[in-house]
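Heads up: the protein sequence lines correspond to chains G and V, in order.
Numbering of the first sequence is given in this note's numbering, commencing with residue 187 and proceeding in unit increments.
Numbering of the second sequence is given in this note's numbering, commencing with residue 40 and proceeding in unit increments.
I should point out that these hints are in silico values taken from the structure, not numbers from a laboratory.
Please note that the accuracy of each hint is not assured.
What the hints assert, rightly or not - Just a few of them, taken from the derived set where beta-carbon distance is under 8 Å, the chain V residues facing chain G: (1) P49; (2) Q77; (3) H78; (4) H84; (5) Y99; (6) D104; (7) V105; (8) A109; (9) S126; (10) L127; (11) A128; (12) V131.
All residues carry an ideal CB built from backbone N, CA and C; glycine is no exception.
Okay, here's what each chain looks like letter by letter:
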Amino acid sequence: MLGDSMALRISRPLFERLRQHGEQTYPHECCGLLVGEFDEAGNKTVKSVVSCGNMRTDSPHNRYHISPAELVRIQRESRAAGYDIVGFYHSHPDHPAFWSRTDLAEAHWTGCSYVITSVEKGKATVTNSFILLDREETKHFANEAIEI
Amino acid sequence: MSIKILIPIPLRPYTGEQSGAKLTGWTVVGALSNLVTQHPDLRRHLFAEEGKLRSFVNVYRNDDDVRYLAKEATPVKNAETITIVPSLAGGVSACACPTALQSNRM
Numbered sequence: 187m188l189g190d191s192m193a194l195r196i197s198r199p200l201f202e203r204l205r206q207h208g209e210q211t212y213p214h215e216c217c218g219l220l221v222g223e224f225d226e227a228g229n230k231t232v233k234s235v236v237s238c239g240n241m242r243t244d245s246p247h248n249r250y251h252i253s254p255a256e257l258v259r260i261q262r263e264s265r266a267a268g269y270d271i272v273g274f275y276h277s278h279p280d281h282p283a284f285w286s287r288t289d290l291a292e293a294h295w296t297g298c299s300y301v302i303t304s305v306e307k308g309k310a311t312v313t314n315s316f317i318l319l320d321r322e323e324t325k326h327f328a329n330e331a332i333e334i
Numbered sequence: 040m041s042i043k044i045l046i047p048i049p050l051r052p053y054t055g056e057q058s059g060a061k062l063t064g065w066t067v068v069g070a071l072s073n074l075v076t077q078h079p080d081l082r083r084h085l086f087a088e089e090g091k092l093r094s095f096v097n098v099y100r101n102d103d104d105v106r107y108l109a110k111e112a113t114p115v116k117n118a119e120t121i122t123i124v125p126s127l128a129g130g131v132s133a134c135a136c137p138t139a140l141q142s143n144r145m
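From just these sequences and the hints, can you work out the full model?
Pasting the structure below:
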């Protein structure tokens, strides 16, 4: 039901907010959630960007981990507002805005967007989105258009 | 006796796109077993072969991670909520980054 033709729709202020988060945490990775809704075609519209703390204090420059307790809380609040978790974002300090093998290995939210921003010398540059497809054993990322 | 189970987006293809369910069960594993009985395709996405929850599947009883309670045997009471959340992590380490994909550059 999902594929390369899907798009992630996000307003300019929210798009800039997630990019600025990567600048604020540089040289560490930032991370957060995208809350919104799916339309019948499978496109996602982001209604809010929720910044989260990076639990990987042992290696915050190249790893991130969002607390499951924070996920549970945000998921519950999102549903109460009529929305859902539709994706996630994180930054790659001084690395390209492309998913890593670690990103894929630790990605389990099939159907959701994984937005990655490259932050070069403290400045957010490229931002790309990837959708996680298929089941756990055959999962893979596909490019996803960002419509601002 | 009714337990509410919240189902995240990745598991909905295996629950007929249901985002939640109300089921019976005295323990977490009992409620989840009832869920997979209703939706057999869900079983291998929740449980490993030995019957334990898969390593990346987090299960909460209300606000508590069941791993720090009695794991799958954690008791549940009427009107409590079980939330399933896959883990969320990653990072640039082991990056296979190409030089392409220069879209959305500001």
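Report the numbers of all earlier hints that the structure fails to satisfy, in ascending order. 2, 3, 7, 8
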